[in-house]
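Listed below are the residues making up each chain.
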Amino acid sequence: MSDYLIQFNNVSKFFGKVIALKDVTMKLKKGEIMCLLGDNGAGKSTLIKTLAGVYKPDEGEIIIEGEKIVFDGPKDALDMGIATVYQDLALVSLMSVTRNFFMGREPLKGLPFFKTFDLEKANKIAAERMGQIGIDVRDPSQAVGTMSGGERQCLAISRAIYFGAKVLVLDEPTSALGVHQASVVLKYIVKAASQGLAVILITHNVHHAYPVGNSFTVLNRGKSLGTYNKKDISREKLLSMMAGGEELDKLEVELKEINRLAN
Amino acid sequence: MSTKSKSIHAKNIFNQDDRLKKVSPLRTLLNRPELGALGGAILVFIFFGIVAGDTGMFSAFGMLNFFDVSANLGIIAIAAALLMIGGEFDLSIGSMIGFAGICIAIPAIYWGWPLWMSIIFAFSMAVIVGYFNGLLVVKTGLPSFIVTLAMLFILRGATLALTRLITGRTQVPGLRVLIENDPIAWLFATDTFKWFFVWLGSMNLIDLRTDGTPLATGIPPSVVWFIFLAILSTWVLTKTRYGNWIFASGGDKNGATNVGVPVGRVKIGLFITTAVASTIFATIQVLDAGSADTMRGSLKELEAIAAAVVGGCLLTGGYGSAIGAAFGAIIFGTVSMGIFYTDVDTDWFKVFLGAMMLIAVIFNNYIRKKVTESK
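In the order they appear, the protein sequences are chains A and B.
Note that the working numbering has the first sequence beginning at 26, numbered continuously upward.
Note that the working numbering has the second sequence beginning at 165, numbered continuously upward.
With the rest of the complex left out, here is chain B (with noise of 0.2 Å):
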């Protein structure tokens, strides 16, 4: 606790004679975690508008491309983000990923389970390991990073193994013919708006198959996702009783403790989040793919964390935005699809991907001190 700190407030009795000049709605917005992550967002759409603007990166089909790749990052990366947020991290996201995909492949085609079955065994495993993961992590005081780090080789080498005994592969085809007329797996299966851009296809505004059809046929599930959990987790951290317990969580577990948070119970919730949010992404994708792959998703969890942290999540904890982390996936998703359309070579994505998270922890760093240290 700082004493030499001053208060900003007129009037205030600890300060008498400080006045205030009044704080501008500018610097509030400065104060947003995700304001980094937007201006970010909105650089790389004028930088890809001036570099690629004329060569199909901004077309409807271009846009739903890349606008794809960020919702499936964003789907973990907001999960990742609440988690963050609440204190921890969750490196097992990329190896839940690929077990999920198995989990729903395997019984779906060597079992014979209808779909809707296998689909929700995998979502059903997520929430055993999610519930483990958090268990561990609050009963044993580990770090999250060990025990989820631990988690990532052992559910990696799980998916293999297991696949290997069951179908002597590690890849499980075959799914596309069983999503027709299965009550669940349109969920995550269906572009919406279709009649919108066979609409959009007839005037002429969209680029045509030869066969008439639009080329862009409708929005991607994973967008559809991507923005109802966008708007669900928003919803959740800054209007619940629940999200006020994730900020504490993270931000000082004894001191929230101390007043009545279950701390314990809102982190094996956020583990239990981000598990499920994998197995969100693992079913888009492999129903998308109509195969499982062993080694799906991985090195997934470090973009998610890269994508929640340039969106403006404290490595400590305590501080972040689920909008934040979803502007840090569509940075993310557009860079990583736009350096096609242009000369760059897309060797240097990483390149990208690793200066921009640094540049976000030091000015997340520089907003921390803000924050926290008067004025």
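Same shape as in the complex, but just chain A (with noise of 0.2 Å):
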């Protein structure tokens, strides 16, 4: 058996002629966490989805605990273990904490035809999750709209584990967040892995990725840069890697040349 709890062997994703993702590889242990970095049009989009498995790749492989998967659709990819949270967290902002938490899967008591939403059970849950992770639900029944951004990734993220996630999908989970609410996240999802879960963290953002990553993958339009181990690499070589190094120096050049002329 392989160590890895996740593996993608060059894997590569076409929209017809548009090459979308070229020869991926990367990997994961338990309790890693692998933040992919990019930037906007990079691929993140098209490998999350072929993570979740809306997308089944045309070229390599995507190994399970070993074993070779083919995703036949984002239920496959759940049953399997991997949970994606997308940005918009699949929260209905009008519904009570407990009625997102348990949102599709709600646990049932009664006679078989009488059965109905043990919200008893539902309310005890969601708030003793919600409590684990330090957000203090006194009545679950709460609409999620009063909630904070934070709050809302960290159900959206807590609700995946509950329900037996053992690789967790994060899109750009602190992207719409403040610094301090952002940091509470990223605690949150460290401490996650440390519970034995591998985390793949979707971002653009180098300052939130450095400090909770194990190791980084740098995607650049459609192809892997490489996946390197936090002791490899320092920020700011992963920040030029990502936004194409040499498009930001050509960029101060020619800032140069135009201040120059306008003098």
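Keep in mind that the hints are not guaranteed to be accurate.
[As the list claims (entries may be wrong)] Selected chain B positions facing chain A (Cβ under 8 Å, derived; list incomplete): (1) 328; (2) 405; (3) 408; (4) 412; (5) 418; (6) 419; (7) 420; (8) 482; (9) 483.
What the hints contain is simulated information worked out from the structure, not anything from laboratory work.
From the three backbone atoms N, C-alpha and C, an ideal C-beta is built for every residue, glycine too.
Given two chains presented individually in distinct reference frames, assemble the corresponding complex, making use of the accompanying hints.
Here it is in structure tokens:
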């Protein structure tokens, strides 16, 4: 058996003539956080959807716990324990914390044909789970709309873990958050990993990724620029790889030129 | 997602320094969707109590009268509310009422079917129409407003054309004689608690006819159905898994789909519900009048939606209550009947209906803001 929970070997995805992903290779152990960095259009979304079972790779293979897997749809990925938390979080802001937590997977009680949604149990579990991550939901019937962005993010992650996620795929979990809230969410992600989950953190924010990641994969224009362990790469190097360092250098030269001409 | 939003909880890691004052029970109540309609209903009763208190409006007969009207509207308003919470509209309710009436009357009168078979036939047609509405909306992704608007014309047109084709007229009378001894019709045509009204009459507590029988004979079937549907819908919405799915489907279709809610199935089920509710409405009215009319139910869809909105349903879906819609229907029913007991010209009823709806929408909008935005 392999040490790795999930492996991508030379995964490629094409849309007609467009190369969305080309030869992406990455692997992840239990308890690790891998940050997937890339600028807009780098292929992050395609990679997420490949992970979530929405797209099938055109080339390469996905190996989960040593076994080659082909997902037939998002449900397959979910059944294998790969839970994706999208940017929209799949939360309904008009509904309560509990109703969101168990949306689509409500615990039932009672006789057949008269089964009711066991709200009492659901409330208890939701409050307990939120409490574990330090969010005191005194009233689990409060609407999610009243929660802060960070709390919502944590709720979505907590829900994925409760329903048996082994690999947690997080799509830009901190992009809409302020500094304080982002740090709380990041702390929670580290905590989740320490409990044995593998986390794939997709972001374009190196400052959020660097402190929490064990390894970093940089995507640029659909290609992986390699996976690096933290000790092998500095924050600055990551930043320049991600943004296409040369491009920034070129920009600097051009700006100087404009300034020179203006003077 | 707002980054400025603040948590409302003490001891919360996101805002350790924030302390929350306890939310009063009144505040919690204010956030309920049906509150506005409940308040409105109470105001309406107080108003007519003062203006028409001594006119017979609040006699047993008068009350049954306006509760009957309210209940009929309520039956379709509750179904419309469930559908609205699920994020869709059904404008074909009124046409479905006319269609269902004809589906009962023509087989029973012209084809010699027993009445119960005609009633079952009408309900089967309702399931088919509802399923078709739902399937079209779900599969095409078109707004239900457009799809059911088309169905409004198609059904009304078909009702009129088929009836004229088969009977040569637009009305089908002669049903009353078939009701007796029918195994199903009594469900839609029997007054209940008759003994109670006889007793009230014998105690001289309610008005009597000259022959000594009470003027108000019993609770009409519409009221029984109305109460039954209000309780059933509230139970489904708040206590069952399907209820959670209705809220989720209307609140955020994509989010609900992503966590495994069968949104399409939920919506199709709700369209079937509105068509079936229209048929319950139609059956009661057809058996009560003893005849079916091709124009029956015109504009009822708009009244049903208005009652649902007054009852706290958001036009955008995901929020509302069945009880609220029931109160909305009571408001409209009471005013439409009560206005006869006052000096006000009945022409003003529609003005009231519109104004009431406007106020409700503004109020609901305010409530939604409060619910979805952090304090």
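Item to complete: Could you work out which earlier hints the structure fails to respect and list their numbers in ascending sequence?
Response: 1
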